[in-house]
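Each protein sequence line maps, in turn, to chains A and B. Residue numbers for the first sequence follow our numbering, beginning at 2 and rising by one. Residue numbers for the second sequence follow our numbering, beginning at 54 and rising by one.
Only true hints are included.
Distance ranges between label pairs, derived from CB positions:
id : chain 1 : residue 1 : chain 2 : residue 2 : range
1  : B       : P411      : A       : T307      : 24 to 32 Å
2  : A       : D477      : B       : T290      : 55 to 63 Å
3  : A       : H381      : B       : L317      : 43 to 51 Å
4  : B       : E303      : A       : V73       : 53 to 61 Å
5  : A       : G354      : B       : M355      : 36 to 44 Å
To be clear, the hints were calculated from the coordinates, so they are not data collected in a lab. Even for Gly, the Cβ is constructed at its ideal location relative to N, Cα and C.
One-letter residues, chain by chain:
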Amino acid sequence: MTQHFFIPAAVLAGLMMAGCSAPSAPSASAAKGPGAALVTTDPKPVAGRRLITEEQYLNTIAHMFGPDIEVVAQFAPMQRTDGLLGVGAAQAGVPAGQMVKFQRAARQVAAQVVSNGNVTLRIPSRQDALIPCKPADAAKADDACARLFLGNTARLLYRRPVPEGRLNQFVAEAAKAATLSHNFYTGLAMVLEGMLLSPEVLFITDRTEPDPERPGQQRLDPYSYASRLSLLLWNAYPDDRVLKAAESGELSTAKGRKRIVEMMLDSPRLEEGMRAFFDDMLAFDSFASLSKDPAAYPGETGLTLTAAREQTLRTIYYLLVTKNLDYRDLFTTRTMLMSPILGTVYGVPTAPGWQPYTFPADSPRVGLLTQVSFLAVNAHPARSSATRRGKALRELLLCQHVPLPPPNVDFSALEDPNSAAKTARDRLTVHRKNPVCAGCHRITDPIGLALENFDGAGQYRAAEKGVEIDTSGALDGQNFRDAAGLAQALHDHPSLPSCLVRRAYGYGVGAPLKDGDTELVNQFTKQFAASGYHLRDLLQTIALSPAFLQVTPQETPKPATPKEANAQTQSRAE
Amino acid sequence: MTRTSKLVLRTLTAGAVLAAAATSAPSSTRAADAIPQLRNGSIGYIITNLHWAGYKTPDAKAECPDGKVNPWGPREQFKVMYPDDGKRTVMDTHFAFEISSWYPDAETPDRFPFYEAKGKYSTGLNLDGKVGPNDFTSPDGEPGIDNQLFRTIGCVENYRPPEGTTTFYADKAIMEERYNRMLIELTGVDSLENDNDVTVTMYRGLDELVADATGERYVSGTTMRVDARWGKKFVQTFKGKIVGGALITEPVAFGQIPWSSFSLPTVQKFHDMRFQLRLRPDSAVGYIGGYVDVETWYWQTMKSESTHHQSNGQTTLNSLYKVLRKNADAYPDPATGRNTAISGSLEAKFVQAFIVHPPTDNKVASAQVTAAPSQERRER
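So here's chain A without its partners, still in its complex pose (with noise of 0.2 Å):
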């Protein structure tokens, strides 16, 4: 029988107050109401906030409850931010509609959590694994076992160590709810819910504490650190071994942060970590509203536009971190994961599941740029774009800046069926004569001209309505031939790396880049050629750099005031 769950009006309306209340707001006017339990009283200052992603609640859930935790979620989607969407987060918002899905979400986990399960439906029981005790009787309550499991769960959600009146409450929240429902794990589901609507949990608040190294200044609390860390290399909340290091006062020494970011990037976690980065940095959420016309390309179904989303992320993880290539090789390489559907867009024989395939050296199948996903993502439904390859390239991997089209723009000349013009070369060459258009195809199309031996749905082709493709073209400077010729350019460019160590930042400190920080990028950026552009390398010096933990003079804020969070809150949420 499914375990439905009941929870009282007034309980979870208390919870949901919870929910909404400024968690850098700690005051005693806010500390009314059934709810007012929950709200934190951690003083620390506030240097930022963000809001949790999609895919990091989704990690964060998986490891602490297990991954076959089925969460139906859809997130409203973030706000890209100086490239990422990761720092848009900083920015976000919690509106009603975003609130209801929160609370769907947090619904989902807590009935499965506490599940008994039920045979006939196939639902596994789950209580006897993730509850690491039995209530005395389970038809009420039993405070010892609820303070056990609570104290876990809120300890990683909350990312912090829960002081002992605020576990308190929520143990006496649970038992009031399980005596309404006669159920010691309905008490339990419902705290739980509650917990995941809290916005100490929904957002990632960077509190402060002093400096000890730069007297008068701010640097990250140890447990600010440890989240920052794990989003940063696991796209999670950290878990207990980090957690353990925070409050064991590891993490406030050089010598600890050394040994927990080591021991992160060993783990298995980084991989999860790394592909939402590099998800995130090449903008492959459009892979959500990706399709093509399969009329103009039958062969390119959508199995093989998500297979092709993980090929390259899989082959990242693999050249770049298990074996350690220079991060410029990514784009030369011969070499990228295959699987069995995609060997027929590429035209060669696969092994079963994801494996190493090479290419030959005179293939014109040349690093990330002649991938699929590279390829199909930036081009249109039913032809390819050398503008759009172009642009994602200026954008994605070189940090630079392409201005959007004007308004008035005239695509006749590129869309009529009956120009004489045979190539996409030929069709923007008359498209550049406009001179509105002219001064940003320029930086753009020389680029994804290269690509035109693929099409729309990244599969080669030698010639376009039976014309050869001139594949020839220029990168800042860098002429070259055809798309391996563009691979060298785009390896040699001494904006790859930079902006890789640009994005990398961003992302991991999960706000955007100031003016100031051209510096610091600069300086990392030596750093990373001076270990051979290893992404590992990059990821330790950022993250046991000054800056990662540090906060700046002017980002360090006061406390806000309870009147000045509500406000806070209030903007965010409109």
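Since the structure of chain A is already known, use the hints to place chain B on it.
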């Protein structure tokens, strides 16, 4: 027509393969220049469609002058054979009728008429290299087409698409089932246009077909693993040549292909089995022909199709068996002198696939996932 003692490998002049290639364009899903097909003198194909060959016009008047639909299906025969006298039992009627099809009788004359195909034309192959009185002419004018199986089933609704469902279920079985995954691999190929010495090896495959984005065709270029364990009995080798883009193999004395219908794995057995296929880099279309073993054919139909399906397509097995036996035209039983096989062909469509052999196989080289340079140069 009886089987001649010596079968002749004919050069393809106006062959049905060319006609089939012209009238049934291969379901290419990608431009040929995008597919690296011929690797180290080898190219593989996987079956996507397999139907018994025959000539079918929309109104059926040309091939079925007695009528498009045989009126004596199972329901109609049952009604006549077992009139409702109020005393009959299920055992005496339904069971008796059902059981009789499990013990078919070719000797007793049928009390019901059976419409056979009587027209001039049929698709298929000239199996004996001769033109006989019972032979058909192909739609493009090639005489001597041996297809007595079409004569037998050509006016049975089940075998006449779109009303007859056999074609639909045959396609469905190839799409959804695994046992019938037939692969052919051509080796020693210098050119897909002309090569006077190639080897064709047939295998059973392990992997699924991949439908394209339209859902109506299959993607070429998939990787198919050979079933070297349970598929050993299907490994058969044919010698042949390629003439003007058409593959023509010499017949082998006996061959069998994996078959499946309604999830029932079985085989089809051929004497003098051979291929004639129009080859393209991404597909192949044509015929698999020979003298079909009558008993195997009948029991495949018997076991896999319920009376429900037989009734909907006017297939009365008792009657069909008698006609099958009557029209059988080859391989007489030494004891009885009665023919045991019937001339017929399967219309076959394939898409190109990379065939991967298990590591223990001597052909492990073709299983390497590292690309062959020749192939990549071709792509370039």
